[in-house]
Amino acid sequence: MADNDREAPSLQHEISCDPLDWQLSAVAQVLNSFLPFLPTLGTLKIAVYRPDWQDEIEVIQWRDFLRLFTSVKEISLQSKDSVQLVAPALQELAGERSTEVLPALQKLLLSAYDSWQLSESGPVQKAIEQFIAMRQRYDHPVTVHCRGSKSEVSE
Amino acid sequence: MTINVLPDNVLLETFDFYLGEDNPNQFDDGHDYDGWQTLVHVCRRWRCIVFASPRRLDLKLYCTQQRSVYSKTLDIWPALPIVIFSEYIQTKEYMQSMKSTQSKEDVADIVAALGHHNRVCKIHYDNHEFQDSLLKEVAAIDKPFLVLTSVRLGTFQRQNVPVLPNSFLGGSAPRLRSLDLYGVPYPSMGRLLSSTTNLVGLFLRCIPHSGYIAPETIVPLLSTLSRLESLKLGFEHPRSQAPRVIRHLPPRVVFPNLAYLGFAGNVEYLEDVLSQIETPILNQSDFYFFNQLVFDAPLLGHFIHRTETFMTIHTASVGFYSTGVVVTLFGPE
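Protein chains in written order, with the numbering used here: chain E, 1 to 155; chain D, 1001 to 1333.
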């Protein structure tokens, strides 16, 4: 029936709820119950596939969500919506707090942007640059990669 | 040179290859259950070769809406194992008229086929229409099915769904390998499960309120199924549970072969189940939770912590959709 010889281990959780802030709160609660037991978790991919998120969510909720991923070294933001939602939360990580959240992060992938689109993105680029600068200042450097580019956009 | 120069054993080998293997665990969509019918209509010699080796070729009579095994037509073939396949899909015409495509003749045919309880090896019944006149007849079957290997019963009917009774299948299907129910309540399945020590797949999906089984009841029911490889428990609706009381739990039931675990319902129910089981080789699971204000799930964490394969997980993917949020965690292949 199940073929455990060939398939990679996978664990899927789905929570049925509609508003994005509820989703974020619910998923954070569920993840909080077991993420501390997964020390090998190194990569986090985030994708937002809903057009109705505008003004629906506070950056503090994203921060609380990201705070759970203490071992993650790489984050991939896989849709433009996810970049636009998460980037302001990263920007808000000012001062020493910038390393309290995602302390192991080394690499940020913006899969939905190429480097030109990022340079044209205004607030998003500014938010990412501030986050990178802050991490650099506190000796936790993070590199940023865009779609289709092997080299980092900024450091 | 013609194909007739080939000896019988070579032809038999060729036929075996042509017909392919059937999966005993389920109705196999990719398998041609009727393949042998083509062969026996080629010539008398081929017919003799095919019917001389029904077990080797795994021959089965395929009963569908289009071709019943009702009454006399059954008699023209050898007494082969019977596969019953019946599926009703919602069509555009059905949605406009809401008139079921399931006819009285269909019902009579299926019931007649089920009457051959000592030969039926697979039952696949899926009704995607909202009316279901056959399920009541199926639920009333109280004869033991000694060669039955897989059962799939699915209905989209949501009101007055018949509950499978304790006497369903005579409470005995010793060769059963897979039981798959969708929308069909079967709260008294314990008797049948106690006869099915070969069961490798149990799928109870979209369980209506009338089929609710408490978590402290379901685990003992499953405890004899040591060969179980896949288990799915899914409820149709959220259900309020009595506040949990701290109680002395019996030793956890070990499912040494369980590789897949699926669930849909309240997180508390899942936790109550997980706290009673050990699944040393589990490597695939999907849990679907109905919305609730608080997701306090420490036992879920403990379960994941003691499941060795999950300790290699390296990637989490979180997707936010209009209908819900999905977290998928992967490990190395």
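Hints should not be assumed to be uniformly reliable.
[Unchecked claim] Beta-carbon label-pair distances, calculated as ranges:
hint, chain 1, residue 1, chain 2, residue 2, range
1, E, R147, D, E1105, 51 to 61 Å
2, E, R97, D, Q1090, 53 to 63 Å
3, D, P1174, E, S16, 31 to 41 Å
4, D, S1167, E, K80, 55 to 65 Å
It should be emphasised that the hints constitute simulated quantities derived from the structure, not laboratory data. The structure presented is a predicted model; accordingly, all values stated were derived computationally and were not measured. Just so it is clear, CB atoms sit at the ideal spot from N, CA and C, and this is done for glycine as well.
Checked hints:
Checked against the hint of 51 to 61 Å, the pair R147 of chain E and E1105 of chain D passes, with Cβ atoms roughly 59 Å apart. The given range of 53 to 63 Å is respected by R97 of chain E and Q1090 of chain D, whose C-beta atoms sit roughly 54 Å from each other. Take P1174 of chain D and S16 of chain E: their Cβ atoms lie about 39 Å apart, and the range 31 to 41 Å holds. Take S1167 of chain D and K80 of chain E: their Cβ atoms lie about 59 Å apart, and the range 55 to 65 Å holds.
In this structure, none of the earlier numbered hints is contradicted; all agree with it.
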